[in-house]
Amino acid sequence: MKIYEDNELKLMSSIVTIGAFDGLHRGHLALIERTVTCAKQRGVPSVVYTFDPPPRSFLQQKQILMSVSEKVELVKKYGVDHIVIANFDQMYAAKTPLDFIHEIKLLHPQQINVGPNFTFGKGKQGDVNVLADHFNVYVQPFVVCEDGEIISSTRIRGLMEKNELEQVKNLLGRPSLEKIKI
Numbered sequence: 001m002k003i004y005e006d007n008e009l010k011l012m013s014s015i016v017t018i019g020a021f022d023g024l025h026r027g028h029l030a031l032i033e034r035t036v037t038c039a040k041q042r043g044v045p046s047v048v049y050t051f052d053p054p055p056r057s058f059l060q061q062k063q064i065l066m067s068v069s070e071k072v073e074l075v076k077k078y079g080v081d082h083i084v085i086a087n088f089d090q091m092y093a094a095k096t097p098l099d100f101i102h103e104i105k106l107l108h109p110q111q112i113n114v115g116p117n118f119t120f121g122k123g124k125q126g127d128v129n130v131l132a133d134h135f136n137v138y139v140q141p142f143v144v145c146e147d148g149e150i151i152s153s154t155r156i157r158g159l160m161e162k163n164e165l166e167q168v169k170n171l172l173g174r175p176s177l178e179k180i181k182i
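Read in full-length UniProt numbering, the sequence shown has 68 at position 68, and its numbers run on one by one without any break.
Since the hints were made in silico from the structure, they are not lab data. All values reported here derive from a predicted model rather than from experimental measurement. Certain hints may be false.
Claimed, not checked - Here are the simulated DMTMM-like pairs of lysine to aspartate or glutamate, each with C-alpha atoms no more than 25 Å apart in a straight line: (1) K76 to E33; (2) K77 to E33; (3) K77 to E8; (4) K95 to E5; (5) K95 to E166; (6) K162 to E149; (7) K95 to E8; (8) K77 to E5; (9) K62 to E166; (10) K76 to E103; (11) K122 to E103; (12) K122 to D89; (13) K162 to E146; (14) K124 to E146.
Claimed, not checked - For each label pair, taking beta carbons as the anchor points, the in silico distance ranges come out as: (15) C145 to M12: 37 to 43 Å; (16) M91 to E149: 32 to 38 Å; (17) S67 to G123: 26 to 32 Å; (18) T154 to Y92: 36 to 42 Å; (19) M12 to A94: 28 to 34 Å.
Even glycine gets a Cβ: it sits at the ideal position worked out from N, Cα and C.
Given these sequences and hints, build the entire structure.
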């Protein structure tokens, strides 16, 4: 897997998934697995586009669940061809949705896979509908756990605050918390 900063990677074709992927829980893994499978079926590279730090950490001072190096290490295990790590700072946060779309166009995505609550651009002005105006977009339905609740990084943070580590492991879909910042 090759690692790039934003605006560095240019491809003739690809399948892309975009997200903060903080903690790499089962919902994130469903997006990554779909992206890799679809890319292999179409014979094009798979790309994970993510951020360092995660936007919620930068904008709302939310706890980071996983360092970028830990995230990269885990993403590698899923057979991803390329990972783009955008430096999420004040300048990046000020990008318009159209600025972001122009950057993603450098990847020539045949398809972009995102979660249903995906937003982008300054003030979250862009959403899956705006993205779909420019690309073929697949929206991964929320992944839920056995009790029917949505798996999310926010939920994982809440469970960690309550020290409910077995539930956290279940939502992550892996038996170890060694990569999660407790």
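Please flag the earlier hints that this structure goes against, numbers listed from lowest up. The structure conflicts with hints 5, 14 and 18, although it agrees with all the remaining ones.
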